[in-house]
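K.L.:
Since the structure of chain V is provided, determine the placement of chain S on it from the hints.
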Amino acid sequence: MSSKLPSNVTRMGDATVIRDEDASTPVAVRFDHVTKQYKLFKNDKLRLLSTFSKRIPHDTVNASDDLSFEVRRGSALALLGDNGAGKSTALKMITGVCFPTSGTVEVHGRVSALLELSAGFDMKLSGMENIDMRCQLWGLSKDESERLIPEIVEFSELGKYIDQPMRTYSSGMRARLGFAFASSIRPDILVVDEALSVGDRKFAAKCKSRVRSIIAKENVTVLFVTHSTGMAKEFCEHGIVIQKGKAMFSGDIEDAITYYTSS
Amino acid sequence: MFATLKEVVGENWHWRRQVWNLAKIDLVKTYRGAALGKVWLFAKPAVYILVFWVALKFGLRSSSDINGKPFLLWLAAGVFPWFFMSDMITTGSDVYRRYPYLVNRIKFPLSLISTFYTLSLLIIFACMMAFTIVVSLATGVHLGRYMLQLPLVMVFMFLFWLAWSMALSPLSAISRDFSNLLKTLGTPFFWLSGILFDISGWPRTARLVASFNPVTWVVQSVRDCFIYNKWFFMDLDSFLPFLCVLLIFIVLALHNYYRLYREVPDVL
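In order, the protein sequences belong to chains V and S.
Sequential numbering from 225 applies to the first sequence in the numbering used here.
Sequential numbering from 12 applies to the second sequence in the numbering used here.
Since the hints were derived computationally from the structure, they do not count as laboratory data.
Honestly, I wouldn't trust all of these hints.
[Said to hold, decoys possible] Chain V side only, calculated, beta carbon under 10 Å to chain S, not exhaustive:
| no. | residue |
| --- | --- |
| 1 | Met236 |
| 2 | Asp238 |
| 3 | Ala239 |
| 4 | Ile242 |
| 5 | Arg243 |
| 6 | Lys266 |
| 7 | Asp268 |
| 8 | Lys269 |
| 9 | Arg271 |
| 10 | Leu273 |
| 11 | Ser274 |
| 12 | Lys316 |
| 13 | Met357 |
| 14 | Trp362 |
The C-beta atom is built at its ideal place from N, Cα and C for all residues, glycine as well.
Only chain V is shown next, with the shape it has when bound in the complex (with noise of 0.2 Å):
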């Protein structure tokens, strides 16, 4: 969203998302008892039926479950989880590609996400065309992409291959231009979901020095998703522990790592 906008509160049922672009407020995402339901059906028929009744048959999984926590503008924290504990659901629900049940998510300043970096691209169009678009999804303005552009294709290293269709590509390519895209457009917050180690061992250096530099710049808040604990050591000073969509323990990023580890 351009910057333009005001603040904006979206009610739906229980839930309450506040998402705005102001970068100044002293917290930059907190959450809120939020609990996020996924509904899952035998079917696809009944799915299509639960959409003109409510009395079809489910069971259903709260992929966040009352998960609280907070994030102060400037920090790097680490949500630290196994598979399956609800780290992917509540960064989707960070970035807004997904709405909670109930709860508050609360949201300030444009958040880049470098998850499944090689996703979201348009095989059809070249590396080009695809940054080109994403610059007009992202709502960047005119002089903002003009600027932008070289500097992702120079950090992505991928030559004259910028031209040719993504669906050449290799992963790597992919995820190459992905991390370039999603680091260069100056977020406010930027979640970091397992992407450093794209690429060889080269660009995933140079990846890792890009974040640490974002990480330098004061008012950047970064929220790392990982079961590394070298990483979230690394580059983190909270820790959050997330099981079975609940947050467990919140602190010191060593504590983290340790209540992760011995649970």
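P.N.:
Just chain S now, kept in the frame of chain V:
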């Protein structure tokens, strides 16, 4: 309901520059990978028209001039809108699957996906109409002042098919059954909508039913411009039913959109 309408219109207005650019990107995407690119934009319709013309002229022997205009023009004025509508019936009603990464990878207002897809198809349609007009003028066919209503017809087409896409895409995203059903309906719509024949000869009840078919209305209205020299809004017998269907679909679009747009990212 009105809150949703306000929200959807607001989003579209706020992102109008992106909608336009994304429509252009969609065009690029459609014709990407083909060396001739834009030529296909005209080659496909030209071949279709030719085949229909041959089939009707030599097969069914019904190719006399209509209202003093060449049969080929009559055919073009029906088949070109059909290309637009057949894409809307099949892909347009399942547009979230065309752009899954806009739904569940980045935060992007879902209502815009329908808008820019419909717009990109409408751009193609406008090109074909321009092409038809140029060819008509070049071959000495007289086009009257009724051509002036063509942009208005296109506005109505845009509104209706946008509502169609917004009403049905969430359902298609949730269930493949639904999108398959709509794909199956493509061919029946083509044959039942008076694209290749004049439905004015039909029995009264059949015509009454047909007047509620938006495909028929669109084809008739485009032909009103080119062939029949009528103002489409004067023909209340077909315009009022169309307005009813339009209204129903707008209500349906807002209703389904409001109810389902949060669920779509979860299921896609």
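K.L.:
Next, verify each hint and record whether it holds.
P.N.:
Hint by hint, here is what the structure shows:
1. At its closest, the beta carbon of Met236 of chain V sits 6 Å from a beta carbon of chain S; the interface hint therefore holds under the 10 Å criterion.
2. Evaluation of the Asp238 of chain V hint against chain S yields a violated restraint, the C-beta minimum of about 12 Å exceeding 10 Å.
3. Contact between Ala239 of chain V and chain S, as hinted, is supported at the beta carbon level, the nearest pair being about 9 Å apart and thus within 10 Å.
4. The closest approach between the C-beta of Ile242 of chain V and any C-beta of chain S is roughly 14 Å, which is over the 10 Å cut-off, so the hint fails.
5. At a threshold of 10 Å, the smallest CB-CB gap from Arg243 of chain V to chain S is about 8 Å, leaving the interface hint in force.
6. This hint is violated: Lys266 of chain V has a C-beta 13 Å from the nearest C-beta of chain S, more than the 10 Å allowed.
7. About 5 Å separates the beta-carbon of Asp268 of chain V from the nearest beta-carbon of chain S, less than 10 Å, and the hint is met.
8. Interface restraint check for Lys269 of chain V: the shortest CB-CB distance to chain S comes to about 6 Å, inside 10 Å, so the restraint holds.
9. Proximity of Arg271 of chain V to chain S holds as hinted, the smallest CB-CB distance being about 6 Å (cut-off 10 Å).
10. Taken as an interface hint, Leu273 of chain V checks out: its beta carbon lies about 9 Å from the nearest beta carbon of chain S, inside 10 Å.
11. Hint status for Ser274 of chain V: holds, given a least beta-carbon distance of 8 Å to chain S, under 10 Å.
12. Interface restraint check for Lys316 of chain V: the shortest CB-CB distance to chain S comes to about 8 Å, inside 10 Å, so the restraint holds.
13. Restraint check, Met357 of chain V versus chain S: the minimum CB separation of about 5 Å is within 10 Å; hint holds.
14. The beta carbon of Trp362 of chain V is positioned within 10 Å of a beta carbon in chain S (closest approach about 8 Å), and the interface hint is therefore held.
Of the hints listed earlier, those the structure fails to meet are numbers 2, 4 and 6, in rising order.
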